[in-house]
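Undergrad: Here are the chains, one letter per residue:
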Amino acid sequence: MKIGDMILVWVFVLVSTSAWSNVFVHWTSSALPPAKELGLNELVLSWNDRFSPQVKAARRQGYRVYVEVPLHQAAAAAETGASGLEGIILTVRQSERAELEKSLPKLRSAHPKLRFVVLNPDGKQPEMRGSLVIKRGSVLEVSSPTAQPWIDSNLALVKTEQRSHQGQVPLYTFSWGGLSDSGQQQPALTAADYSLAVAEAGAFHADFILKLDERLQKALSEHDPEAWTLWNQVRSYANFYSHTAEQGMEAAANVAVVVDDLDPPDEVMNLLARHNLPFTVLRPPDLKLGELEGFDVVVVFAKPDRGACERIADLATHGKIVVLVEAHGSYPWQSRDAVRLNEHAVSYAFGNGKVLELSEPVTDPETFAQDIRRLLGKENVLMSLWNGLTTIAVPYCEHGGTVKVLEFVNYAEEEPLRVQVQVKGSFASIRYETPERRCCESLVPIKHNGFTEFVIPELRIAGRVHLEANQALNSRARGASPR
Amino acid sequence: MRCDRRRAAALISFFLIASFVQSSENQVLVYKKKYIMGTIFEIAAYDQSSEHASNAIEKAFQEVVRLDNLLSNYKSDSALSNLNRSAHFHAEKVPSDLYRAIDQAVQFSRLSDGKFDISVAPLVNLWKAALRGEGTPSRAQQEEVRSCVGYEKIDLTPPDRISFRSSCLQLDLGAIGKGYAVDRAAEVLHSLGIRDALVNAGGSTIFAMGSPPDQTGWLVHLRDPSNKIDPQVMLKDGSVSTSEQTAPSLLGNDSAGHIIDPDTGMPLKTVFTVSAVSRTASASDALSTTLLLLGPTKGTALIESMADVSAIWISHEAHVETVTGGPQILFGRGL
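As they're listed, the protein sequences go chains D and C.
When you number the first sequence by the working numbering, it's gap-free, plus one each residue, and the end is 1751.
When you number the second sequence by the working numbering, it's gap-free, plus one each residue, and the end is 819.
Among these hints, one or two may not hold up.
[What the hints assert, rightly or not] Restricting the straight-line Cα-Cα distance to at most 20 Å, the calculated cross-link-like pairs of lysine to any residue (SDA-like) are:
(1) K1646(D) - N737(C)
(2) K1646(D) - K753(C)
(3) K516(C) - A1456(D)
(4) K753(C) - D1632(D)
(5) K516(C) - G1445(D)
(6) K516(C) - P1455(D)
(7) K1622(D) - N737(C)
(8) K559(C) - K1622(D)
(9) K559(C) - Q1690(D)
(10) K612(C) - W1654(D)
(11) K516(C) - H1543(D)
(12) K1646(D) - P621(C)
(13) K516(C) - T1458(D)
(14) K612(C) - L1644(D)
(15) K516(C) - W1654(D)
(16) K1392(D) - D1531(D)
(17) K1646(D) - L615(C)
(18) K559(C) - N1655(D)
(19) K612(C) - S1652(D)
(20) K559(C) - W1654(D)
(21) K612(C) - H1543(D)
(22) K559(C) - V1723(D)
(23) K612(C) - Q1690(D)
(24) K1646(D) - E618(C)
(25) K1324(D) - E1354(D)
(26) K712(C) - K1304(D)
(27) K1646(D) - K612(C)
[Unchecked claim] Just the calculated beta-carbon pair ranges, DEER-fashion:
(28) H1596(D) - V755(C): 25 to 31 Å
(29) Q1688(D) - E628(C): 36 to 42 Å
(30) N566(C) - T1458(D): 33 to 39 Å
Because the hints were derived from the structure by calculation, they are not lab data.
Glycine residues also receive a C-beta, built at the ideal position from the N, C-alpha and C atoms.
Chain D extracted, bound-state conformation:
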């Protein structure tokens, strides 16, 4: 496969921002250190009766203040605090999505100086999860839907948010598992816990509201040295992602996942993420050849209507592999020769590609993700990791160009890993940076068969790799790019 052709597989998702990621600090304590000391100046307060004085106090401390409100209270909050607020963060539940479509333009029109941002509050605490789950007054039980080690990641949520709110960088938050209202004495959250949360959002190119334990808020306000040591690590992570690593970077993917319902992300997407198969979430109307030029595999969970069926056939004709999940209808490709793969799967060759029908839901997302990797074929896998079972990597590339940046997050936190990486493309220079050791350490590239391999010597929580292609190959690739 030619390098130029290979570049065709890089497909670019939409949002590009001035910062890689913004961290908003959610503050609930009455005392507040100045923004200059905290090092982050975007503050989120909950809306309540004392809201206006809090906003004034926070502004005096140098913060840009946002208030987090449920959608149905957004208008009232905007009226009350319009003069001092930077913006309103709208907490929107799944059932309110339709209402949001109507309300948001009205709010923006009524309050043009306020920034309105949609928050997905349903993130989960990122962690490497064991199989012993301790429950209060009940049983301690294992729940591991797939092979160990299990990772709780927000990548699938971010991917769905990118499609849900296309004009906005995804914004999410989560509640810490250790801060439940059970009254238990919980172990305090560590710098590694906070840093992982910040790193994950940064690596996924999403904005994030960081909820601080009240004990930490109080300790910071009281200038406790241990609290500030912890916070300084977290701040270094936030700073690491606060600037744009490279200009014009966009997420790369060559697997498309087409769904009817964007909320919540399902287990299949979580497993694609865990297997480091870069994907993009689409809706059925997005199933257009022009939009899907760089994708190799399209997984359709949506129920295809007639128009979608025609578009699927068109994609297959042009060489794509389309996987139709829970396929029970009569489709145009079924007139072609069928190859039965197993009891539940049939393959139809169609044009230069093929359509695979799976007659049942995905019963084993782990196996399904491995199947998608096999369908891509060795030559089309964008990246592979070894010793990376607890690591998620996200590739970014220039629009119409080659990959330039790989972001890594290690969910095993304090366990530094030596991770071997293979990335598609030929790269002459590889530089590595982390929040702890800023740019850059040179890594040795080994090139063969259109791929480049390198070793990250020590991945602790987060790291970033900058890739520079061979100039000549890069030029050819750009020339071959469809965009």
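Following the hints, complete the assembly by docking chain C onto the known chain D.
TA: Relative to chain D, chain C alone:
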């Protein structure tokens, strides 16, 4: 035979109030986890001092890390990797833990007439490529690699020397290494005064020391692919391990899998998941793989020749076979 990567194999439950809170007997439960040996090791331990329990757990984890550096075949500088490079027709002196782990493995090979075989690594590697979608190995490739396999080509000379009577023999301790490490971790906990603890290596091997306060043991829910039976075992100073073949492809017709039958040189075809209960984690770990390979009929005969061992085979269709020579396996739901 199989790699380290086994499916989450057990459901564990035990009754307690909560972590990090005082129990009625002033016992504190401390829980920690750590990523080692390509999986998550978890330890939950009761003690009167949370600090003491926490330190003991950390020491146990350190022991597992130390063993990983000896037994891993993924680490090029491990003692096992060194042995794999240099022991062909040459006796190598090895660390005592590596010697013991290989010695135990060879004993299981003899017990099972070669069904359990740590020298099957070349075949595992051959079929790993098939799992990645790189095509099924040819018959010629299989035959070539099979000539490298055979536990009887391993020569052990006490106390610490090992040599291979083959130019291409390679060892992989994936089917016993985690169990061995769990046993050693439990020994560390015990040596530091911990009496009641649970050590869990990724759900596939679990060792129970003592019991939670006011309980007779640790209630462990076993892996049930049918979701109809909920098999359980009350463990006290014993171990359970679970093995199953890689799930079949949803979108293909391949028959690759990570557990290789040394007799055929091909991935094992089985409908069963097996859990084996034994006194030690090394034994349960090795036995679960062995029993999966043997199947219920031959497996039952093997277990009946051993002391204090129980086992259960369960299929997706809830076909169940049990044999009880040790702790009783109970059913949470009726058959």
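Undergrad: Confirm or reject each hint.
TA: Okay, the hints, checked on the actual structure:
1. K1646(D) - N737(C): Distance of about 18 Å is within 20 Å: holds.
2. K1646(D) - K753(C): violated (26 Å)
3. K516(C) - A1456(D): holds (14 Å)
4. K753(C) - D1632(D): holds (18 Å)
5. K516(C) - G1445(D): Holds - the C-alpha atoms of G1445(D) and K516(C) are around 15 Å apart, at most 20 Å.
6. K516(C) - P1455(D): Roughly 11 Å between the alpha carbons, so the hint for K516(C) and P1455(D) holds.
7. K1622(D) - N737(C): It holds: about 16 Å lies between the C-alpha atoms, which stays within 20 Å.
8. K559(C) - K1622(D): Between K559(C) and K1622(D) the Cα gap is close to 40 Å, so the pair fails against 20 Å, i.e. violated.
9. K559(C) - Q1690(D): At roughly 18 Å apart (the allowed maximum being 20 Å), Q1690(D) and K559(C) satisfy the hint.
10. K612(C) - W1654(D): holds (14 Å)
11. K516(C) - H1543(D): Roughly 26 Å between the alpha carbons, so the hint for K516(C) and H1543(D) is violated.
12. K1646(D) - P621(C): holds (16 Å)
13. K516(C) - T1458(D): holds (14 Å)
14. K612(C) - L1644(D): holds (17 Å)
15. K516(C) - W1654(D): violated (25 Å)
16. K1392(D) - D1531(D): holds (14 Å)
17. K1646(D) - L615(C): holds (12 Å)
18. K559(C) - N1655(D): Within the cut-off at roughly 10 Å; holds.
19. K612(C) - S1652(D): holds (15 Å)
20. K559(C) - W1654(D): holds (12 Å)
21. K612(C) - H1543(D): At roughly 16 Å apart (the allowed maximum being 20 Å), H1543(D) and K612(C) satisfy the hint.
22. K559(C) - V1723(D): holds (14 Å)
23. K612(C) - Q1690(D): holds (18 Å)
24. K1646(D) - E618(C): holds (7 Å)
25. K1324(D) - E1354(D): Status holds; Cα separation ~12 Å.
26. K712(C) - K1304(D): violated (59 Å)
27. K1646(D) - K612(C): holds (14 Å)
28. H1596(D) - V755(C): 25 to 31 Å: holds (27 Å)
29. Q1688(D) - E628(C): 36 to 42 Å: Once the Cβ atoms are compared, 27 Å apart, the range 36 to 42 Å for E628(C) and Q1688(D) is violated.
30. N566(C) - T1458(D): 33 to 39 Å: holds (37 Å)
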